[in-house]
Amino acid sequence: MKRLDPFLMSLICAIALASILPCRGQVEHILQHVVTILITFMFFFQGAKLERHAIVDSVKDWKLQGSVLLCTFALFPLLGIGLHLLFRAVFPDALFGEELWSGVLFLCCLPSTVQSSIALTSIAKGNVTAAICAATVSNIAGIAMTPLLTGLVLGHVGAEHSPLGSILDVSKELLLPFALGQILQKWVGPIVRKHKILISFTDRGSIVVVVYTAFSSAVVEGIWHRVSGAHLLEVALLDTAMLALVLGLSHLMGKGLGQTTSNSIALQFCGSKKSLASGVPMASVIFPAASVGIIVLPLMIYHQIQLFTCTLLARRYSTRFLDTSDQGTTTSPQRRTATP
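Every letter in the sequence shown is one number past the one before it in numbering that gives the first Met the number 0, and letter 110, counting from 1, is 109.
The hints are simulated quantities; they were obtained by calculation from the structure and are not laboratory data.
Any given hint could be a false lead.
[Claimed, not checked] Below are the DSS-like pairs computed for lysine-lysine, each with C-alpha atoms no more than 30 Å apart in a straight line: (1) Lys48 / Lys185; (2) Lys195 / Lys171; (3) Lys185 / Lys171; (4) Lys48 / Lys62; (5) Lys124 / Lys48.
[Stated by the list, open to error] Here are the simulated distance ranges between beta carbons: (6) Asp168 / Ile29: 16 to 24 Å; (7) Pro91 / Ile196: 46 to 54 Å; (8) Gly247 / Phe86: 13 to 21 Å; (9) Arg225 / Ile304: 37 to 45 Å; (10) Thr128 / Leu167: 29 to 37 Å; (11) Trp61 / Thr318: 30 to 38 Å; (12) Gly96 / Thr259: 42 to 50 Å; (13) Thr239 / Leu167: 31 to 39 Å; (14) Glu50 / Thr259: 22 to 30 Å; (15) Ile182 / Arg87: 41 to 49 Å; (16) Ile182 / Thr308: 36 to 44 Å; (17) Ser18 / Gly247: 33 to 41 Å.
Built from N, CA and C at the ideal position, the CB exists for glycine as well.
Between the sequences and the hints, there should be enough to build the whole structure, so can you do that?
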């Protein structure tokens with residue numbers, strides 16, 4: 000995972016295509032309707048493939064699950080607001096404008112990832128079961144929490160945004176299909192789980208279409224006249240700083256709560272991740288079409304940074320685990336020979 004994520008590469012290609020050949024007029028209008036349908040099906044399939052016992056099992060270790068939710072939906076938004084106030088007070092004109100800040104703050108309100116959180120916890124020899132449960136709870140909670148927090152956080156920094164309107168829109172376009180998928184899970188679930196690769200391809204393909212449509216609107220509105228390469232570098236540095244802070248604080252939280260090493264690893268990886276797969280569709284529902292492109296830029300940058308950084312960290316944990324195991328196996332024979 001050190002190389003550029005293929006999914007992210009496809010999104011970059013969608014941005015490049017939108018920058019060169021943005022959809023306009025009637026084509027844009029049709030694509031926006033297609034995007035709504037694709038997002039509806041994507042969340043329907045998510046509800047259909049999620050088995051109910053996974054939801055029930057996920058609430059058993061309430062201390063760990065609560066810690067992950069605290070990192071995801073409290074620590075991150077507070078950190079985002081704090082950094083916004085700090086930089087606006089100390090460097091009022093040095094960093095990017097409020098549009099990109101809205102994207103950074105939206106990023107702070109998103110749920111955790113599922114696949115990469117589980118994969119990285121597994122590489123690091125952490126509690127994979129706990130990671131599955133934590134990521135599941137985070138994504139279910141995010142359907143309601145993300146629009147609510149987005150409204151509160153953006154309202155705090157002066158942006159015009161209606162939390163109630165966002166919650167109603169997300170409930171209609173995301174929560175309702177998800178709930179319907181859960182209701183029909185007994186019949187549709189086995190089919191969806193049997194064709195995992197096809198469903199994954201459909202999900203990611205849908206997000207690529209969403210990104211192309213969003214950036215087409217943004218390009219027509221002049222996004223590249225408002226966002227420079229220096230701005231993107233500043234966003235990358237800020238994203239890196241936020242990730243480092245949350246990784247450190249979640250590690251300290253695990254220690255402070257007396258979590259086992261394997262649980263602390265799950266907390267660290269689940270609590271620090273932000274979901275591109277959930278974030279892009281949510282942004283397209285919550286924000287106006289012309290704003291979505293610039294809103295998701297910080298998220299796309301964060302996505303690659305979190306994969307690269309957390310892969311290195313997971314491998315370090317794994318190496319340390321193997322070193323500890325090797326020491327245990329080498330000392331055991333010595334102890335046995337010393338025994339008469």
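Evaluated hints:
1. Between the alpha carbons of Lys48 and Lys185 the distance comes to roughly 9 Å, so the proposed pair stays at or under 30 Å and holds.
2. For the proposed pair Lys195 and Lys171, the alpha carbon gap of about 26 Å is at most 30 Å, so the pair holds.
3. Between Lys185 and Lys171 the alpha-carbon distance is near 23 Å, which keeps this suggested pair within the 30 Å criterion.
4. With a CA separation close to 26 Å, the supplied pair Lys48 and Lys62 stays within the 30 Å bound.
5. In summary, the hint linking Lys124 to Lys48 is supported, as the alpha carbons are separated by about 26 Å, within the 30 Å threshold.
6. Between Asp168 and Ile29, the C-beta spacing of about 20 Å keeps the proposed range 16 to 24 Å intact.
7. Distance hint check for Pro91 and Ile196: the Cβ-Cβ separation is about 49 Å, which falls inside the suggested range of 46 to 54 Å.
8. Judged by the Cβ atoms, the range 13 to 21 Å given for Gly247 and Phe86 holds: they are separated by roughly 20 Å.
9. For Arg225 and Ile304, the hinted distance range of 37 to 45 Å is not satisfied, since their beta carbons lie about 22 Å from each other.
10. With their beta carbons about 35 Å apart, Thr128 and Leu167 fall inside the hinted range of 29 to 37 Å.
11. Take Trp61 and Thr318: their Cβ atoms lie about 32 Å apart, and the range 30 to 38 Å holds.
12. Between Gly96 and Thr259 the C-beta distance comes to about 44 Å, which sits within the given range of 42 to 50 Å.
13. One distance hint, 31 to 39 Å for the beta-carbon pair Thr239 and Leu167, holds here, with the actual separation near 35 Å.
14. In this structure the supplied range 22 to 30 Å holds for Glu50 paired with Thr259, their Cβ-Cβ distance being about 26 Å.
15. In this structure the hint that Ile182 and Arg87 lie 41 to 49 Å apart at CB holds, the actual value being about 46 Å.
16. Roughly 39 Å separates the CB atoms of Ile182 and Thr308, a value that falls within the hinted 36 to 44 Å.
17. Between Ser18 and Gly247 the CB atoms are about 37 Å apart, so this pair conforms to the stated range of 33 to 41 Å.
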